[in-house]
Structures are given as C-alpha cells and as structure tokens.
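Residue numbers (full-length UniProt numbering), protein chains in the order written: chain E, 1 to 297; chain X, 1 to 294.
Some hints could be false.
As the list claims (entries may be wrong) - Simulated pairs of lysine to any residue, SDA-like, Cα-Cα distance not exceeding 20 Å:
hint	chain 1	residue 1	chain 2	residue 2
1	X	K62	E	G147
2	E	K196	X	S23
3	X	K239	X	L123
4	E	K11	X	S23
5	E	K196	E	H99
Said to hold, decoys possible - Sample of chain E residues at the chain X side, in silico, Cβ under 8 Å:
hint	residue
6	N5
7	G21
8	I73
9	L76
10	L93
11	I95
12	L96
13	A263
Honestly, the hints are just simulated from the structure, not real lab data.
Computed from a predicted structure; not experimentally measured.
Virtual Cβ for every residue (Gly too), placed ideally from N, Cα, C.
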Amino acid sequence: MIELNQVMSDKKAIFFLVAPGFLILISMIIFPIGMSIYYGFTDWGGIGEYNFIGFENFKEIIFNDKIFRISLINALLLTLATIFIQHPIAIFLAILITHCGRFEKILRTILFIPAIISIVVTAKLWASIYNPQYGLLNNVLETIGLGSLTQDWLGNPDLAIWAVILVTIWQGFGYAFLLYYAGLKGVPDELYEAAKIDGANYFQLYSKVVIPLLAPMARVAIILAVITCLKQMEVVYLMTNGGPGDSTQLLGNYLYQTAFSSAQYGYGNAISVLFVIVVLIVTVILNKFLDRDVGEF
Amino acid sequence: MENQVKIDPNITISQNKKKKPLSVGRVVLYIFMAFVGLLQLFPLLWLFDYSLLNSGQFFGDKIFQVPSPPQWENYVSAFTQGNVLPYFFNSVLVTFVSVALTAITSILLAYAFTRMKWKLSALFMNIILLGMMIPIHATLLPNFIIFNEVGFLNSYWALILPYTAFNIPVSMFIVTGFMQTIPRSIEEAAVIDGASIWRILFSIIFPITKPAIATISVVNFINCWNEFIMAYTFITMDKFKTLPFSIIQFVGQYSSNYGAQFAVMALIAIPSIIMYLIFTDEINKGLMAGSVKG
Chain E
1 MIELNQVMSD KKAIFFLVAP GFLILISMII FPIGMSIYYG FTDWGGIGEY
51 NFIGFENFKE IIFNDKIFRI SLINALLLTL ATIFIQHPIA IFLAILITHC
101 GRFEKILRTI LFIPAIISIV VTAKLWASIY NPQYGLLNNV LETIGLGSLT
151 QDWLGNPDLA IWAVILVTIW QGFGYAFLLY YAGLKGVPDE LYEAAKIDGA
201 NYFQLYSKVV IPLLAPMARV AIILAVITCL KQMEVVYLMT NGGPGDSTQL
251 LGNYLYQTAF SSAQYGYGNA ISVLFVIVVL IVTVILNKFL DRDVGEF
Chain X
1 MENQVKIDPN ITISQNKKKK PLSVGRVVLY IFMAFVGLLQ LFPLLWLFDY
51 SLLNSGQFFG DKIFQVPSPP QWENYVSAFT QGNVLPYFFN SVLVTFVSVA
101 LTAITSILLA YAFTRMKWKL SALFMNIILL GMMIPIHATL LPNFIIFNEV
151 GFLNSYWALI LPYTAFNIPV SMFIVTGFMQ TIPRSIEEAA VIDGASIWRI
201 LFSIIFPITK PAIATISVVN FINCWNEFIM AYTFITMDKF KTLPFSIIQF
251 VGQYSSNYGA QFAVMALIAI PSIIMYLIFT DEINKGLMAG SVKG
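Construct all of the structure, not just a fragment, from the sequences and the given hints.
Rendered as structure tokens:
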C-alpha cells in the first residue's frame with residue numbers, strides 16, 4: 001500500500017510544484033540584483049564598452065554623493081513624520097471607531113479608501129491640490145481667512161518635502177489605522193470590564209490598560225512605516241521629481257534619474273545595490289530589535 | 001435562583017446592545033467622526049466634483065462647486081482622446097493574467113512548503129523571503145537591461161512576469177497559513193484510495209483553499225491595476241500601455257483641459273474603489289497579512 005510520506009517526498013512532484021513560481025521569482029527579482037552587483041563595479045554608460053573600476057562607484061556614493069545623503073535624510077524624515085504624526089492619529093481614531101457601533105464598518109472603509117487608489121492618481125490629484133492657480137489648498141486657506149499663507153507649495157524648497165509627507169501620510173493612513181484597529185480588537189473584553197469594575201475612567205482605561213497592549217502591533221506598524229518610507233518613490237517622481245533642487249529627493253527617485261535620465265548605468269546599478277543593502281540591513285535590524293510575533297489575525 | 005443568576009446578565013447585555021441611549025457624548029462622537037471621514041475623503045470628493053466642471057470653472061476660489069450643468073463631456077473626452085479604452089483593455093489583460101499566474105504558482109509553492117518533504121525546503125523559503133524584501137525600484141534598471149537584451153520591452157510579458165514575481169511571496173504566505181489549517185486526514189484517505197499528488201491538489205486542495213485564493217486574488221488585482229513605475233519603465237509603445245499611463249499622457253497632450261484630466265483620474269480610481277467596496281473584508285485581511293509578514 002502506498003503511504004502518504006512516500007507520496008509527499010516524490011522528487012518529481014516537488015520539482016513541478018516549486019519550479020514555476022520559483023523560476024519567475026529568481027529571474028525577475030534575484031537574478032537582476034545579481035546583475036546590478038556586476039554592473040555596479042563598472043563605468044558603463046548604457047551603450048558600448050565598459051571597464052571594471054572596482055569599488056569606485058560605491059566609494060563615490062557613500063563618501064561624496066550629496067544627493068544620496070539627502071535621499072536617506074528625507075527617508076528618515078518621512079519615517080519620523082509617519083511614526084509621530086500618522087500613528088498617534090491612527091491610534092486615536094481606531095479607539096474612537098470602536099465606540100461607533102453600527103457606523104464602525106463604514107467609517108473603517110472610508111478611512112482606508114485612499115490607500116487602494118493608484119499612486120498615479122494620488123500623486124497627480126495632490127499636485128492639483130497644491131497647484132497655485134486652482135489648487136484646493138490655497139482655496140481652503142482663502143476661505144478660512146488665512147489667505148496670506150497661500151503659495152506654490154511644491155515650488156518652495158523648504159516646504160516641498162512637507163507637502164510630499166502630507167500626501168504619504170494621507171495615502172498610507174489606512175494601513176496604520178487597520179493595524180492598530182486589529183490590535184484593539186485583540187484586547188479581550190474582560191479587561192475592559194475588569195477596569196470598569198475597578199472604577200477606571202476612559203482615560204485611565206486606555207492609557208494604563210489598552211494602549212500598552214497595542215505594543216506588539218505598534219512594532220509591526222513601525223517596521224512597516226520604516227520600510228515603506230525607504231521604498232517610497234512614485235509620489236515624489238510624479239509630483240516634484242526630487243525637486244526643487246534636490247529637496248524632495250528619495251533613493252528610488254534618485255536611482256531612476258541616474259539610470260534613465262543620465263544613462264549612468266554603472267553608477268545607477270551601484271545605487272540600486274546600495275539601496276537593496278540599506279533596505280536589507282534596516283529590515284534585519286528592526287526585526288531583531290522589535291520582535292514582531294503577533295500571531296494570526 | 002440559579003436561573004435568575006444566569007439570565008440576569010444576558011438581559012442587561014442585550015439591553016445595552018439594543019438601546020444605546022443617544023447621549024450627548026455619543027452625538028459629539030458621531031459628528032466628530034463624520035467630520036474626520038469627510039476630511040479623509042475630501043480630496044477624492046473634490047476630484048469627482050471638479051471632473052464635472054468645465055475648465056474655466058477651475059479658477060474660481062470656491063472649494064466646492066455644484067456642477068451646473070455637469071460636464072459629462074469630460075468623461076467622453078477622456079475616453080476618446082486619452083486612449084483610455086485600449087489602455088483599459090491592456091490593464092484588464094495584464095491584471096487578469098498576472099493574478100491567475102500568481103494564484104497558481106503560489107498554491108503550488110505553498111503546497112510544496114506545507115506538505116512535501118524535501119531537504120532544501122528551508123533554503124528555498126529563505127530565498128523567497130529575500131525576494132520579498134527587495135525594493136521594486138532596485139530591479140528597474142537591471143530588468144530594463146535584461147528585457148532589452150531578450151526583446152521583452154514593449155510586450156505584455158514585461159509586465160506580467162515582474163508583477164507575478166513581486167506578488168508571489170505574500171500570496172504564498174497567505175495560502176501557506178491557510179493550508180496549515182487543513183487536516184491531513186483527507187489526503188491520507190485519498191492516498192489510500194490511490195490518488196496521485198495532482199489529483200489531490202486539483203480535487204481536494206484547490207476547492208478547500210478557495211477563500212485564501214479569493215483573498216490573494218483581490219489584493220493582487222488592486223496591486224496590478226494600480227502599478228505604475230514598472231509599466232512606465234518597460235513600455236513605450238501605445239499598444240501595450242496600461243491605464244495609469246493615460247493620465248500622464250493626457251496631462252502632456254491636453255494640458256489645458258483640466259476637466260478631462262480630472263475625469264481620467266476618476267476613471268482610473270473608480271475600479272479600485274468598487275473592488276474595495278465589494279471585497280472590503282478580503283482586501284483588509286490580505287493587506288494585513290501582507291504587512292505583518294512583509
């Protein structure tokens with residue numbers, strides 16, 4: 001009689017199960033990164049001959065490339081803004097929504113909608129909102145009597161990055177919100193009841209009992225925020241293309257410009273490789289320091 | 001006595017649930033939340049509002065304008081001038097093939113990882129985890145070079161293959177999580193009856209895995225439908241461009257036709273919103289699983 005174990009270690013079957021997905025993944029993600037590493041050591045300009053120049057590109061990027069540094073600083077700024085502005089609002093609204101009874105579901109849906117819209121629409125829509133001629137933002141400021149603040153939001157090197165940050169906070173809000181909401185739903189009802197019996201008011205209930213229990217979910221949300229902010233690119237590419245100056249530059253966008261606008265394939269590939277290394281290091285460090293075992297939900 | 005004790009809490013609970021007294025606090029909460037919801041949706045409401053205005057009306061200083069009459073022509077121009085229809089078709093084709101291919105390959109991989117016994121299982125799993133961490137943007141240049149070499153640029157494959165690749169890891173994890181909950185006894189019985197591995201997959205595993213397949217498929221639909229930067233990089237010929245292109249193209253060609261530009265944006269956004277409204281729970285579940293793992 002055939003046994004399950006025997007069937008389940010059939011080499012040929014395993015090959016045909018694994019090969020299709022694995023080959024696509026290798027050829028579209030892993031192999032290209034390998035190629036980037038190879039070309040990162042060259043001075044290739046896109047066409048014709050190229051020379052191997054050792055670590056020149058990498059040295060240049062790490063020690064002399066100001067734009068690379070600005071991109072990293074902007075990613076850090078984006079991350080901090082997400083964690084310290086978006087997340088507290090998300091936690092606050094998630095708590096309020098659990099008290100909204102039959103409106104809970106519709107409110108949840110509304111808050112998440114911006115997150116499922118194409119990034120192209122989001123970016124172009126917000127570019128219109130910031131537009132100095134017909135933009136919504138300036139009109140709103142006029143209406144509420146703050147007309148003196150109106151300006152070309154994306155044209156001001158000091159403000160443009162904040163304009164970009166507002167868009168990413170709006171667009172990514174649904175994710176942070178849903179994570180904290182799921183965390184709240186995981187708090188057992190008995191705890192609320194016990195706290196109430198002990199005479200705790202709402203403020204004590206949340207600050208002493210509920211919010212500390214959100215810590216595991218906060219870890220997940222923070223890791224997600226850091227990685228998403230590092231990988232952020234489309235919003236900047238479509239709204240400012242890194243400008244004015246390089247004030248809104250991000251790694252993905254800088255890489256794109258170097259590769260496709262200036263055709264510096266060698267240098268562009270080196271940036272790609274460093275981009276991957278930065279993301280991998282950050283992911284590994286975060287996972288190490290913030291254990292994110294929250295179980296299934 | 002015992003009965004009374006048992007019944008009492010039930011009564012109070014059901015009373016609490018049914019008759020929530022509309023206290024002042026609750027009214028304030030509802031008003032506040034309605035305001036928050038409106039604020040969050042306002043950019044989109046503004047988009048739909050302005051997509052029905054004629055371009056001249058854009059320069060008033062009102063925040064919201066009642067379109068009188070609504071300029072439905074904007075949507076007509078979007079369709080006729082913005083190449084929306086062929087791009088729409090390309091988006092549908094690329095999205096559906098990618099979603100199907102991702103579903104099939106992810107189920108096969110998940111089955112291999114949850115049920116099959118092989119030595120390299122852990123190694124392969126780690127490589128897939130690695131693939132999940134690599135940013136899409138880092139693959140744009142090398143993939144452009146490769147596609148250029150093998151003649152993939154300006155073809156549907158230049159989109160379908162990378163879309164599938166980037167969706168496989170999370171999809172596989174979602175299906176894996178689901179498969180782990182399926183009891184093995186069903187397969188044991190099937191094996192005793194002489195069923196082959198493929199027979200087990202097609203007649204037992206696929207039908208049971210349906211909820212997980214639904215989840216990954218709607219999430220991947222949204223991902224592929226909205227994808228922009230790969231399409232923008234690997235496609236230059238009109239024949240293969242997908243829907244998100246139309247707005248870029250439209251802004252370039254008809255830069256003063258604001259109303260129609262807004263109509264194009266609305267046309268790209270609407271399918272995602274409808275998808276989300278129909279499959280809210282699946283999408284939330286899938287995205288959450290994705291963010292916890294990814």
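For each hint, the structure was consulted:
1. X:K62 to E:G147: holds, 13 Å
2. E:K196 to X:S23: holds, 19 Å
3. X:K239 to X:L123: The hint is violated at about 41 Å.
4. E:K11 to X:S23: violated, 67 Å
5. E:K196 to E:H99: holds, 15 Å
6. N5: holds, 7 Å
7. G21: It holds, given that the least Cβ distance between G21 of chain E and chain X is near 3 Å, below 8 Å.
8. I73: With a closest approach of 18 Å, the I73 of chain E hint is violated.
9. L76: Not OK, violated: L76 of chain E not within 8 Å of chain X, min 16 Å.
10. L93: holds, 6 Å
11. I95: violated, 11 Å
12. L96: Since the shortest Cβ distance to chain X is 6 Å, the answer is holds.
13. A263: Hint violated; A263 of chain E Cβ to chain X Cβ min 10 Å, cut 8 Å.
Checked against the numbered hints given earlier, the structure breaks hints 3, 4, 8, 9, 11, 13 and satisfies all the rest.
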